[in-house]
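For the record, the sequence lines run as chains A and B.
So the first sequence is numbered by this note's numbering: it starts at 1 and just counts up by one.
So the second sequence is numbered by this note's numbering: it starts at 114 and just counts up by one.
Since the hints were made in silico from the structure, they are not lab data.
One or more hints might be untrue.
Derived DSSO-like pairs (lysine-lysine); straight-line CA-CA distance at most 30 Å [said to hold, decoys possible]:
| id | chain 1 | residue 1 | chain 2 | residue 2 |
| --- | --- | --- | --- | --- |
| 1 | B | Lys164 | B | Lys140 |
| 2 | A | Lys105 | B | Lys175 |
| 3 | A | Lys5 | B | Lys140 |
On a predicted model such as this, the values are computed, not experimentally measured, just so you know.
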Amino acid sequence: DQQVKQNSPSLSVQEGRISILNCDYTNSMFDYFLWYKKYPAEGPTFLISISSIKDKNEDGRFTVFLNKSAKHLSLHIVPSQPGDSAVYFCAASRNSGNTPLVFGKGTRLSVIA
Amino acid sequence: NAGVMQNPRHLVRRRGQEARLRCSPVKGHSHVYWYRQLPEEGLKFMVYLQKENIIDESGMPKERFSAEFPKEGPSILRIQQVVRGDSAAYFCASSPDKNTGELFFGEGSRLTVL
């Protein structure tokens, strides 16, 4: 049972344009959401997070939007850069982050110069 | 860089052998998590440990798999009598005392079972 779903396995975007990565979840008990970025042969690195009390969190070029009623979140990267090419994982947790993270399968982003 | 250190990075075992994967968390972190990534899959939670205690092992297979995080030394994930289906990347992560949900991951140990 996939509680966190990333339905797009891959995404290609031109350099300088916006990248939008989507994530859906099924467990209404999730209240803390994170995005991780992973390069080949490396471990995932934390990118940005959002608590369910917010609907938006911004950090530089990265913005995460949360729509609780739709159980949907998205990561916006603008402007996209070639160095952003990686696999992006959406993750969710209950109890304000105090339970183990549940990850989606990831979306491979390719930013084309 | 005193990040999460995992070794070995690559491990090849024949069916029936044992695999031991080691993880040293970020200095000062007392929470350790093990995740497994099968090909074309996301990371699946296996076990959450604090020093000398298993807090949550709900993701661990019931047989052949065990984990520990002793008072001294690294955390160990042990897989006995490996089978081909155990071939995967095993990631260790750590977090500081106050668990904020943000995990710091190691580079992973890739196990191949022949």
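To see whether the hints hold, each was checked on the structure:
no. : hint                : result
1   : Lys164/B - Lys140/B : 13 Å, holds
2   : Lys105/A - Lys175/B : 24 Å, holds
3   : Lys5/A - Lys140/B   : 33 Å, violated
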